[in-house]
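There are 2 protein chains.
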Amino acid sequence: MDTVKTPFGQRKHMLGGSAAHFSMSARLFTDVHLVAIVGRDFPQKYVDFLDRKGIILTSLIKTEGRTFKWQGQYEGDLNTALTVNTELGVLTAFKPRVSAAQKNIKHLFLANVDPDIQRHLLSHMRSPRLVGLDSMNFWIKHKRGALIRLLKDVDVYVANDQEARDLSAEHNLIRAAKMLRSLGPRIILIKKGEHGVILYSDEFIFSLPAYPTDKVIDPTGAGDTFAGGFMGYLACARTINRASLKKAVAYGTIAASFNVEDFGLEKTNRLTRKDLETRLTLFKKIISL
Amino acid sequence: MDTVKTPFGQRKHMLGGSAAHFSMSARLFTDVHLVAIVGRDFPQKYVDFLDRKGIILTSLIKTEGRTFKWQGQYEGDLNTALTVNTELGVLTAFKPRVSAAQKNIKHLFLANVDPDIQRHLLSHMRSPRLVGLDSMNFWIKHKRGALIRLLKDVDVYVANDQEARDLSAEHNLIRAAKMLRSLGPRIILIKKGEHGVILYSDEFIFSLPAYPTDKVIDPTGAGDTFAGGFMGYLACARTINRASLKKAVAYGTIAASFNVEDFGLEKTNRLTRKDLETRLTLFKKIISL
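Chains as they are written, first to last, in numbering that gives the first Met the number 0: chain A, 0 to 288; chain B, 0 to 288.
Take these hints with a grain of salt, some might be off.
[As the list claims (entries may be wrong)] Derived DSSO-like pairs (lysine-lysine); straight-line CA-CA distance at most 27 Å: (1) B:Lys68 <-> B:Lys94; (2) A:Lys246 <-> B:Lys283; (3) A:Lys284 <-> B:Lys284; (4) A:Lys140 <-> A:Lys151; (5) A:Lys11 <-> A:Lys266; (6) A:Lys177 <-> B:Lys214.
[What the hints assert, rightly or not] Now the in silico label distances, taken between C-beta atoms and shown as ranges: (7) B:Gly53 <-> A:Asn136: 47 to 53 Å; (8) B:Lys283 <-> A:Lys61: 48 to 54 Å; (9) B:Asn268 <-> A:Arg143: 52 to 58 Å; (10) B:Lys283 <-> A:Met178: 24 to 30 Å; (11) A:Asp213 <-> B:Arg125: 37 to 43 Å.
Hints listed in this document are in silico derivations from the structure and should not be mistaken for laboratory results.
Quick reminder that beta carbons are idealized off the backbone N, C-alpha and C, glycines included.
Construct the entire structure; sequences and hints are all you get.
Following this line, the structure appears as C-alpha cells:
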C-alpha cells in the first residue's frame, strides 16, 4: 500500500506495489497470475478490485501481520521519488508458493523484492520461456552477491539508469548494459524515466524516447507498468525476436505513459487495449524519422 | 579557447567556442560564414585551420585584447560541465559586423553570447529565411528581458533541458516547450544531452533519443555541433516542413555523436558527410519501431 504526495495532491494507503502495477498493465495482453503476500490490514476491496480486473489471485497469500507499505513524495520535476518511510511487514517472511498448474506458466516476472525471495519463486517454475527481473538499489547494495547469482538464470533484466550504473559500476549506459549482459541476462532494459528506455542485447540496441506528455501526476509504478506491458506483449508473441522485442518496449512505454497521468492505479484502472493502440499510433508519428 | 579536463585526459587552450563547433558541423552541409571576435593571443594556426576547413572568415575580427577563454571539467557521467573559469576578454566589446554581401545570407544562427550582441547581428540581416538562437543560463538570469524580446524575432530556439526549465519556469519539458513557443519561436528544440532531443512546434512534436555510444571523451560543444547539423541541413532543404525538420534533428544528433568522441574539434576535424550518412543509417535501425 502506497502513501504518495506529489505537487498535484496526495493519497493515503492506495493499492500499489510492483506486483499490482505490473499486473494491471500485463492484464491488457494476457492472463496474469499474481504471486504476492499481504497482511490482515489489507482491505478486501483491493482484493476485489484486482479480481474484477481479471487478475488471477490463486497465489496471493493473506497472513498475520501488516501489509508492506511505502510512503514517498515527489517534488519539482517528478523524476526522483523521495522515500519517507518503508514498512516491510509480512514481506520479510514471504515464501512465494504457486499451484501445481502455475508451475507450468511460461512467462515469469520477478518484481522488485529480496533476491532470495525471487530465487525461491523461480525455483518452483518448470521450464519458463522468458524470465524477467527487476530489482532496486537496496538489494544492489545489501544483497549484491545473491542478485548477481540470480541474474545468471534470468533472460531480461529491467533496471533504471541509476540502478544500472550502481550494479555495473559504469557511468556510460551502453557500457553499463554491456557489463550487465555479461552477468547473464540476454536482454538488458535500462529505463530512464521521462527520457525513455534502451534495450541492449548482443544482436541489437534499441533506443526509444518516452511518450511526450505534459500530464504527469504521479510516476509511482511507471517502471512496473512498463515491465507489465513489455512482458505481457511478449507472452502473446509467437517468437521473441528483434521485431517483437521492439514492439514490447513500445507497448511498455505507452502503458507507463498512462500510468503517470493519475495517482496509483487510477488511470490504468480504466485503461483498455484500444487506448494503448490509439496512443501507440500517435507515438509512432512522434518518433518516426 | 577551451581548457578542458575529463576523466579521459585534458587539453589546454584548444580551439573551441560555440561558433567554431557550430561551423565545423554546418560546413558538412553548406558554406558557413563565421561572425566572431578574437584577441591578439589567438593563434594564427587556429585561423588557418578554420580556413582550411572551408569556413568563410570575412567577418572574424581580430582585435586588441585577449580571446574569450573557458575552462571547465567533467566528472563521472560526463553530463554536466563544471565551469572552473571564464575570461570574457574581447567578447565584452564585440560589435558583430558583416559584409554587404553577407547581409543577404538566408540562414542565421545566433550562437550563445549576450542577447544584445545577438540582436546587433540580427539587425544587420536583410531578410533571413530561418533564424536560430542559442543562449545559456547566465543570460537567462542576467539579461532575461533582452533575451525574451529577442525571441520574438527568432524562428528556432535551441535550449538544453535546464535552460528550458529556467526560462519557462516549468519543470515538465512539454509544458516548458509550450511556454517558450508562446514567446515567439515557432520551433523549440530542447536538447537533453545523452537523452536526445525534443522538437516542439504547433503542428507536431518530434522526440529523438541520442545515438547510443559508449565512447564519450569530451562533450564540450555537442550542443553547438547539434545546432550546426540542424541548421546546416535546413539551409539546403528546399522546404522547411515536418519531414525536413525531423531530418535536420537527426543530422544534428549524428553530428553531435561524433563530436563527443574526442576532445574539442579533434573528431569533427576528420568528419565527412559520408561518415554522417553511414551512422545515420545505423541510427535509423536503432530507433525504428
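Hint by hint, here is what the structure shows:
The straight-line distance between the Cα atoms of B:Lys68 and B:Lys94 is roughly 18 Å, inside the 27 Å bound, and the hint therefore holds. Proximity of A:Lys246 to B:Lys283 is assessed by CA-CA distance (about 16 Å); at most 27 Å being required, the pair is judged to hold. Taking the CA atoms of A:Lys284 and B:Lys284, the gap is near 16 Å; set against the 27 Å cutoff, the hint holds. Only pairs whose Cα atoms come within 27 Å are accepted, and A:Lys140 paired with A:Lys151 is accepted, the gap being roughly 18 Å.
Between A:Lys11 and A:Lys266 the alpha-carbon distance is near 17 Å, which keeps this suggested pair within the 27 Å criterion. Restraint check for A:Lys177 and B:Lys214: satisfied, since their Cα atoms lie roughly 13 Å apart, inside the 27 Å limit. About 50 Å separates the C-beta atoms of B:Gly53 and A:Asn136, a value consistent with the hinted range of 47 to 53 Å. The hinted range of 48 to 54 Å is satisfied by B:Lys283 and A:Lys61, whose Cβ atoms lie roughly 51 Å apart.
Distance hint for B:Asn268 and A:Arg143: a CB-CB separation of about 43 Å, inconsistent with the stated range 52 to 58 Å. Our hint of 24 to 30 Å for B:Lys283 and A:Met178 holds, since their Cβ atoms are close to 27 Å apart. Restraint check, A:Asp213 to B:Arg125: a C-beta distance of roughly 38 Å satisfies the suggested window 37 to 43 Å.
The structure is inconsistent with hint 9 alone, although it conforms to all the rest.
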